[in-house]
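> Just so you know, the protein sequences line up as chains A and B, in that order. 10 is the number of the first residue of the first sequence in our numbering; add one for each residue after it. 128 is the number of the first residue of the second sequence in our numbering; add one for each residue after it.
One or more of the hints may lead you astray.
[Unchecked claim] Here are the simulated EDC-like cross-link-like pairs (lysine to aspartate or glutamate), alpha carbons at most 20 Å apart as the crow flies:
| no. | chain 1 | residue 1 | chain 2 | residue 2 |
| --- | --- | --- | --- | --- |
| 1 | A | Lys566 | A | Asp529 |
| 2 | B | Lys139 | B | Glu209 |
| 3 | A | Lys718 | B | Asp260 |
| 4 | B | Lys186 | B | Glu365 |
| 5 | A | Lys558 | A | Asp624 |
| 6 | A | Lys430 | A | Glu727 |
| 7 | B | Lys605 | B | Glu593 |
| 8 | B | Lys555 | B | Glu603 |
| 9 | A | Lys445 | A | Glu84 |
| 10 | A | Lys699 | B | Asp580 |
| 11 | A | Lys280 | B | Glu390 |
| 12 | A | Lys280 | A | Asp573 |
| 13 | A | Lys699 | A | Glu89 |
| 14 | A | Lys788 | B | Asp598 |
| 15 | A | Lys788 | B | Glu603 |
| 16 | A | Lys185 | A | Glu84 |
| 17 | A | Lys145 | A | Glu84 |
| 18 | A | Lys611 | A | Glu727 |
| 19 | A | Lys145 | B | Glu406 |
| 20 | B | Lys257 | A | Asp573 |
| 21 | A | Lys699 | A | Glu149 |
| 22 | A | Lys718 | B | Asp143 |
| 23 | B | Lys555 | B | Glu593 |
| 24 | A | Lys600 | A | Asp573 |
[To be verified] To spell it out: a stretch of chain B is covered by chain A in this simulated footprint if at least three of its residues, at any positions, have a beta carbon under 8 Å from a beta carbon of chain A; those stretches are:
| no. | segment |
| --- | --- |
| 25 | 234-243 |
| 26 | 394-406 |
| 27 | 455-469 |
| 28 | 552-558 |
[Claimed, not checked] Here are the in silico distance ranges between beta carbons for each label pair:
| no. | chain 1 | residue 1 | chain 2 | residue 2 | range |
| --- | --- | --- | --- | --- | --- |
| 29 | A | Glu186 | B | Lys566 | 26 to 36 Å |
| 30 | B | Lys555 | A | Lys788 | 49 to 59 Å |
| 31 | A | Gly409 | B | Ala601 | 34 to 44 Å |
| 32 | B | Lys566 | A | Asp160 | 54 to 64 Å |
No wet-lab data here; the hints were simulated from the structure. Virtual Cβ for every residue (Gly too), placed ideally from N, Cα, C.
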Amino acid sequence: MNVRDPDPKLNSSGDIKKTNQASEMLPYPHESATAHVTGSALYVDDVALPGNALHVEVGVSEHASARLKSVDLTEVRTSEGVVDVITSTDIPGENEVGALLPGDRLLSSQLVEYVAQPIFAVAALSLRQAQLAVAKAVIEYEITEPTLDVDSAMAAKSFVTPSRRWGDGNIASVIKESDHQVANELYIRGQEHFYLEPQASFASPRDDGMFVATSSQHPGEVQSAVAKVLGWPMHRVTVECRRMGGGFGGKESQAAPLACLAAIFANRNGKTVKYRMPRSSDMVQTGKRHDFKVRIALACNGEGLLQGGDFELSGKCGYSPDLSDGIVDRAMFHVDNAYFLPKSRIVGHRCKTNTVSNTAFRGFGGPQGMLAMEAAMDNLAYAAKIEPLLLRERNLYRPGFSTTPYQQDVGQIVLPDLVQKLVARSDYWSRRENIKAYNASGPRWRKGISLNPVKFGISFTATHLNQAGALLHIFTDGSVEVNHGGTEMGQGLYTKVQAIVANAFGLRISQVLNTASRTDKVPNASPTAASSAADMNGMAALNACEQIKIRLTSFAKQELGWTDPLIFSNGMVNSRGNPGESLPFSEFVGKAYMARVSLSEKGFYRTPDISVDKDAGVGNPFYYFANGASVSEVLVDTLTGNYRVGRVDILHDVGRSLNSAIDRGQIEGGFVQGLGWLTTEELLWDSSGKIVSNGPANYKIPTAHDVPKDITIEFYEEENSVPTVHRSKAVGEPPVMLAISVWCALRDACASLTEYRQIPPLTVPATPEQVYRCIQHVKGKTS
Amino acid sequence: MNSTRFNINGSKVVADIPDHNISLLDFLRDTLNFKGTKQGCGSGDCGACTVIVEDAHGKTLAVNACITPAAAMQGKNIITIEGIANQKTLHPVQQALIDFHGSQCGFCTPGFVMALTAHSLLPDAPKKNKREDIIAAISGNLCRCTGYWPIIKAGMASCGVGEAAQLRHVRMWEPQGALKKPHIPENCSGSSDESYQIAQNETMVAQRLEQRSPSDCSRSTIIAGATDEWVAVNQQLEQHETILDISRIPSLREITARDGTIEIGACVTHSELFAYFTEAPYQSSAIRELLTRFGSPQIRNRGTIGGNICGGSPIADWSPLLLALDASVVLKSAGSSRLVHLSNFFLGYRQTSLRPDEYLASVQFNVPQDWSQLSFEKISKRYEDDISSVCAAIFLAHDGDVVQEARIAYGGIAPIPMRISALEAILKGQPLSGIDHGKIKVELDSIINPISDVRASANYRLQMAETMLIDRLALEQKTA
């Protein structure tokens, strides 16, 4: 197929202003765009396997908390097409697949701790045969009392890791002595990732070990887990991930068990084995965004300046630690959101419940902390009789008031100016007045509006993860291969790194290929997470480029006799200021090869200036902060609770954009994912601990109809103050929280029914039914 | 084993379907090695598996391959993502998705390409490139990465009109290859194998029903669109011993209007009904509302009105509307036919008065004097492609202020779709201005007893049932 060489100038990327970007950092289309639209992009499940490949399904617990009395698999083993059946005793190595902390069993043998916990696994000639076989198991349980929610876990002091307490024990009196104070509780429901590609992995035995293809954000951890369950050294396991069909955090730790089971079967049977989860299994067997119960007491003085905040955050972690310790930490690190708090106490609990172990999800606890704070700011504004936006503006981090509760200075001050610009661009104040006037006439459909800022810390709070490696090869024809530990899940990482490398050598992007992430090319890589992948892998790749350029410079001097520094531009290598000294890149590197100069290099990057004591809650966990703000307007039907999101204005800080089209895509997609979390996506369990929102028929992510027609997205035009790659900023997670303004606007519309005297309670998510309930609450109070 | 003949992307394919319980998606991916069509959910909810199927009239329809039986494709022309681009150029939908950055992870992208291509193949496509047209066209496709804006823009740009449609490559594009000349095999007779048979006429259906004993009903199955049945095949792993596909029987596929009565054959699809009831002379805003929010284009292209009624579900949207139209169903068996009033058809949760030897042949009702007397309203968590928490169909005729006739039916408030006859009797003969809304609410409270589940609480369902009725009464009072 004759496909046009991607030329960004031909590509309309919407209404992004193309100022403030390095001229070479253009809005290239996604590196796989053509493969995506023609269906030729291969995902794990699409790779052709040998005809004798086997397919895996697991048998799972029907109860949330039980001891296994007997497991009879006789009928399973004789079921049509079944080749192999394993239980925990068949695991050659350790029965452990935990991520940072142990506690996740691959297969359970005695206790089951949540509904859908795997007990045994089947490999059959087809997936359907494996599924039919699994249903034939006879398992007897001795049921024990489960702990199913945050409240009962708190009462039982049931935690996966110890609670943390930061800050001032004297906070109660600070709040009490302030002019205005509020105390509220907010229950925030979790979220199903609903990546479009369900979890998948396959394993193929090789003579020196095992090859594993995985849809995982963390191939390194898959490698480690597979080696552990096989009882092998890691060097015998090679893990590859070309692309994922979406990850959003749900494939950070959750992909490993699939790879482990496939590898165990592959090793036992000497065959390629695939484990692809049907959606219906994926939605009950894999972790989700944490529910959080948040208690906040917040106080300000008569001028609306915050005096202190007392926060207690209790995350519903499920049965094991998984990544929950860091997730609750990040919720604690973000409960200030964008506001300076002179005094604070922040307590975080990691509640252990008999539910699937909750895991990373875009924002990693941050969204829950920030939403709770934004809800509390509205409450406080009503208590102090200040316009909510004024209370927010007055308390933004600003010069002289820039120290976070954990004693880090926020550094680059962005928000006061960003918010001011957004207020002007969105015409906030006149719309606010018009909406109030409109609502005053008592219409059935009420309007609401809210502006909310977002500040998000960039870096893994587990400091050791802030490292990245890259591998760069220049071949003798001048084509370049770059590889790094980051994975591509649609976020455009490969496209960005490809452009960074092309730019470093003055090449067209089609001359640089970013190949699949593989554990034998770049070892010990961190997960692609925490929004940091472009920052870190981009820098690692750049580091490799710079090293090769140093070698090429001395080669040019010694072998070609060129005297001036080299310039790589437009496919040529030139000596600065000397027009005679110029060669096409391919010819130049060909000469370097003949002169026996290495054209391959590894690059490395470690994020500087970060360290934190998480028990004390003091330190510099973040290299910098990404910022943004949004204004949302909503229209609410007071008779049914139905609503529409109207105009949305977003101003977001991506530093100097690496690719404006991709960054805009992250903002749009993040906003809608946040919108779903806060509106239609209702994650529900029944009283026995079963997930009842267990499929797309009853768990509703947004459709095209739900996204506002009238949206304006602009970049805040200022480069990062710290030396990140091309002075860009991370953009993966922060935009999710821009949707908080929709939730606050819904609440504002309901408050109009009190003539803006009170701000009624609203749950998360604010489904039409919950908005209706909020309205009834108001009517009950006011009538 | 069935040997099935059809065209894929313009090429004739004769292949053995390994198992008649296999979906078109598994057949495409696992047997024929077409990996571009993706499995996202297996229940027709996400659209990642969308393919285009050309019917006997040359209409190109988007369908969900995951809930379409592979054997149902006998003699059809199928277009997959692999057949969309011609050899030299991408299809304008594909190029627009690249230009507008409409793919991120790319997993949903083939499904969007297919849904948008199906839309762009409509005869009036150039007139249907407004934002709401494109949104409707992709309402059965989920994307978790982009937030849909770039996809909507790409759809608007590639469907014929507007600034972006002036792009050179869009103008250059002519349907070629698979899309140029649809080839429909003339002989699409059913296979001789009994495991999956495509019935040619009603006699075959009656005979099959007569032969099957009451005990093997579940194993010997009658299907039409199978949009519900194939979810059970995928999710509950149901295995049917034999399947009789009645979707092509001409006499079950007709809509006839005669002497003030409309009769709709059981196998008329929702898409066909949408066309019928949104054009003169039978334009119904209520049916438009029902069908706009009913499933997705992919579901409406396969699902039939007979299937929606026969399922007996309390949340099937057609049933309340047909109850409000005072409809009856025609139930046939070998040698007999009976007319059953729809309000006597539903017996209990997913139980109907259909006998094991009977099939539903058609539904019929009198054409209302004025279609505006019929309204339909639906409450659901999400606007598009969601199942009703509660829905109301209300027929209200009044002469000036006085109510002449009221027929009120609900879905989602009882184990069956239900008429509220007691309320209808109260309203009849009353002046609209004199109706005590409070009394109506109390009355409704005493009759209906909804449940709480994952979609809504009992209380919300009750409140919404009241609100929808009071709202309609208030509206009529204003216009009286």
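> For each hint, tell me whether it holds in the structure or not.
Here's how the hints hold up against the structure:
no. : hint                            : verdict
1   : A/Lys566 / A/Asp529             : violated (35 Å)
2   : B/Lys139 / B/Glu209             : holds (15 Å)
3   : A/Lys718 / B/Asp260             : holds (13 Å)
4   : B/Lys186 / B/Glu365             : violated (31 Å)
5   : A/Lys558 / A/Asp624             : violated (44 Å)
6   : A/Lys430 / A/Glu727             : holds (13 Å)
7   : B/Lys605 / B/Glu593             : holds (18 Å)
8   : B/Lys555 / B/Glu603             : holds (14 Å)
9   : A/Lys445 / A/Glu84              : violated (68 Å)
10  : A/Lys699 / B/Asp580             : holds (13 Å)
11  : A/Lys280 / B/Glu390             : violated (58 Å)
12  : A/Lys280 / A/Asp573             : violated (58 Å)
13  : A/Lys699 / A/Glu89              : violated (30 Å)
14  : A/Lys788 / B/Asp598             : holds (18 Å)
15  : A/Lys788 / B/Glu603             : violated (26 Å)
16  : A/Lys185 / A/Glu84              : violated (66 Å)
17  : A/Lys145 / A/Glu84              : holds (6 Å)
18  : A/Lys611 / A/Glu727             : violated (31 Å)
19  : A/Lys145 / B/Glu406             : violated (53 Å)
20  : B/Lys257 / A/Asp573             : violated (58 Å)
21  : A/Lys699 / A/Glu149             : holds (18 Å)
22  : A/Lys718 / B/Asp143             : violated (48 Å)
23  : B/Lys555 / B/Glu593             : holds (18 Å)
24  : A/Lys600 / A/Asp573             : holds (18 Å)
25  : 234-243                         : holds (count 5)
26  : 394-406                         : violated (count 0)
27  : 455-469                         : violated (count 0)
28  : 552-558                         : violated (count 0)
29  : A/Glu186 / B/Lys566: 26 to 36 Å : violated (55 Å)
30  : B/Lys555 / A/Lys788: 49 to 59 Å : violated (32 Å)
31  : A/Gly409 / B/Ala601: 34 to 44 Å : violated (58 Å)
32  : B/Lys566 / A/Asp160: 54 to 64 Å : violated (42 Å)
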